[in-house]
Amino acid sequence: MTRSSFMSRKELIGFLILAAVIFLLLPAMLDSFRLNLFGKYLTYAFVAVGLALCWGAGGILSLGQGVFFGLGGYCMAMFLKLEASTPENTAIQSTPGIPDFMDWNQLTELPVWWQPFYSLPLALLAVVAVPVLFAFIIGFAMFTRRVGGVYFAIITQAFAAILTILIIGQQGYTGGVNGITDLRTLLGWDIRTDEAKTTLYFVNGVLLFAVLLIAQYVRKSKLGRLLIAMRDQEDRVRFSGYNVANFKIFIFCLGAAFAGIGGAMFTLQVGFMSPTLVGIVPSIEMVIFCAVGGRLSILGAVYGALLVNWAKTSFSEAFPELWLLGLGGLFIAVVMFFPNGLAGLWSEKIEPRLMKRFQRPGTDTLKPVAERAPAE
Amino acid sequence: MSEQMIIEVEDLTVSFDGFKAVDSLNLYVEKNACHVIIGPNGAGKTTVLDLICGRTKATGGSVKFKNKELLSMREDQIVHAGVGRKFQTPSVYEDLTVSENLELSYPKGHSVFGALMFRRDDPVQTRIREIAETIFLEDQLDEKAAFLSHGQKQWLEIGMLLIQDPELLMLDEPVAGMSVAERKKTAELLNRIIQDRSVIVIEHDMGFVADIATRVTVLHQGKTLSEGSMERVQNDPKVVEVYLGH
Chain P
8 MTRSSFMSRK ELIGFLILAA VIFLLLPAML DSFRLNLFGK YLTYAFVAVG
58 LALCWGAGGI LSLGQGVFFG LGGYCMAMFL KLEASTPENT AIQSTPGIPD
108 FMDWNQLTEL PVWWQPFYSL PLALLAVVAV PVLFAFIIGF AMFTRRVGGV
158 YFAIITQAFA AILTILIIGQ QGYTGGVNGI TDLRTLLGWD IRTDEAKTTL
208 YFVNGVLLFA VLLIAQYVRK SKLGRLLIAM RDQEDRVRFS GYNVANFKIF
258 IFCLGAAFAG IGGAMFTLQV GFMSPTLVGI VPSIEMVIFC AVGGRLSILG
308 AVYGALLVNW AKTSFSEAFP ELWLLGLGGL FIAVVMFFPN GLAGLWSEKI
358 EPRLMKRFQR PGTDTLKPVA ERAPAE
Chain X
2 MSEQMIIEVE DLTVSFDGFK AVDSLNLYVE KNACHVIIGP NGAGKTTVLD
52 LICGRTKATG GSVKFKNKEL LSMREDQIVH AGVGRKFQTP SVYEDLTVSE
102 NLELSYPKGH SVFGALMFRR DDPVQTRIRE IAETIFLEDQ LDEKAAFLSH
152 GQKQWLEIGM LLIQDPELLM LDEPVAGMSV AERKKTAELL NRIIQDRSVI
202 VIEHDMGFVA DIATRVTVLH QGKTLSEGSM ERVQNDPKVV EVYLGH
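If you read the sequences in order, they're chains P and X.
Residue 8 is where the first sequence starts when you use my numbering, and the numbers rise one by one after that.
Residue 2 is where the second sequence starts when you use my numbering, and the numbers rise one by one after that.
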């Protein structure tokens, strides 16, 4: 029965270590500028955790997670933008009271679909609901027709491209290529100050742990085992009486919900949202975060997002042109040498050695977990 | 007539780009019978099972299971109607343990919400252990299926069907690729589990067929060549010519 329980002792230790890193170590070590930077990295961890479920467990590779990250981010940004666009703040515009980019694009009225974003509860609901709705439509259309594997990946990538083009093209409604900028307050609370950024970092951390616990629950439920079964033997699952498409739609929507929350936290911490965070390149980067961390491990996905982004910042400060090549090289290295990423490296190489060293002779309770299944 | 029949296949046809793999086939399986389908390679044996369980869509005809038409149903609906299928190559979930493999086939929690809420409670555990004993795997419950031998994987898949408890069990070459000892054990296992249910088996091993069959159908080029008791079929000159002769 211990096998199916919510969290093993080893996993609990892993969760506690991550909590210590996020809530104690990083805030103690970093100044508020760097902490805010790590807060930004952690918003990508939401996406990576979703990918660990979709791709790692379920074998559904989405190269369009940026779509859901972006939709969540835009929903948050629309609320903040409306709050920042009071008639007093925008008195110099020809139509005061609407966002500045609308005024520049000769709009004289707030579009109807912007109206709900005056309300914070509705905006927060939209942060999750809009990505989920999109994911449901894509998932329903693809999975009930049994589109999978590479074809699905390419189609999701196409969606990322389509949404970017749409956002850039509809400048008057979306802020175009600049995105939605100049966000100031959340219900009157200035989000640009250092204290606010530190608070948001901790809110982000708490939300990330909530998402991790949901992911852990799903992984440990029968649904989690079904995902693995579907990845390995889809037909067998189908002929055991499961409607495979429903399970794929569910996990894809869950990943989208996680990504949407991450996007909203990005907007809050960074202070803007733009189409550069929606497109193909960020979507593929998100897959790399997950791959580097270890696509089978939800905690690994968080470390992957942190490390790759940290490397990106440090590296591109020094060699701006080389970063993309470095990222590509990293991805190839992971695929070729560590298919299970950092988490795999840990459980296959480091952990067995630690166990050997710390285990008192004669106690045989902790078995090394070196036996991973053959690479798929 | 249809009272005694668990499944009635009538005029079943499937054509792949003009090639008729199954051609106006009629097949009736009695309740609690063990109906064996034999025939040379390419006769359409596996395709018949694929058509019944919904893996391949038929071009025409009808398949009635307990007077319900199966051809318009989705695969999982056919399973819930009471049809279980074992594939030719062992299809088990290699990354999961034996007990998890069996658990996923337990007939409960098949919706998304049901799977999220599913608890491995006592009845489930007892049933898993029972089935594991039946399929000789009670000592391998916590082992990953990837580490089982070929024969053990075949047994595990049979076990996955047993826990599902279908009224009609379809087995595609259950003893193929097994050692002599495994084969004997499997025959014993199958003999035990076919007692109180209807079974369709595809098999090449004639000794094995003679051992289990209550009725035999010989397929040839998508059509029935001969049908009847094992004795009658074995002595049919047409069958000897196309199949048993060589």
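No lab work stands behind these hints: they were computed from the structure.
It is possible that part of the hints are untrue.
Away from chain P, derived, C-beta distances all over 12 angstroms, residues of chain X [stated by the list, open to error]:
1. 27
2. 62
3. 73
4. 104
5. 120
6. 147
7. 161
8. 165
9. 182
10. 222
11. 242
Derived lysine-lysine pairs resembling DSS-like cross-links, with alpha carbons at most 25 angstroms apart [as the list claims (entries may be wrong)]:
12. P:319 to P:47
13. X:224 to P:227
14. P:17 to X:145
15. X:224 to X:69
16. X:145 to P:363
17. X:145 to P:356
18. X:239 to X:21
19. X:69 to X:58
20. P:227 to X:109
From a predicted model like this one, the values you see are computed outputs, not experimental measurements.
C-beta atoms are modelled at their ideal positions from N, C-alpha and C, and glycine is treated no differently.
Tested hints:
no. : hint           : in the structure
1   : 27             : holds (24 angstroms)
2   : 62             : holds (21 angstroms)
3   : 73             : holds (16 angstroms)
4   : 104            : violated (7 angstroms)
5   : 120            : violated (8 angstroms)
6   : 147            : violated (5 angstroms)
7   : 161            : violated (7 angstroms)
8   : 165            : violated (7 angstroms)
9   : 182            : holds (26 angstroms)
10  : 222            : holds (26 angstroms)
11  : 242            : holds (35 angstroms)
12  : P:319 to P:47  : holds (13 angstroms)
13  : X:224 to P:227 : violated (48 angstroms)
14  : P:17 to X:145  : holds (20 angstroms)
15  : X:224 to X:69  : holds (24 angstroms)
16  : X:145 to P:363 : holds (24 angstroms)
17  : X:145 to P:356 : holds (21 angstroms)
18  : X:239 to X:21  : holds (21 angstroms)
19  : X:69 to X:58   : holds (17 angstroms)
20  : P:227 to X:109 : holds (17 angstroms)
Hints 4, 5, 6, 7, 8, 13, counting from the list given before, are not met by this structure.
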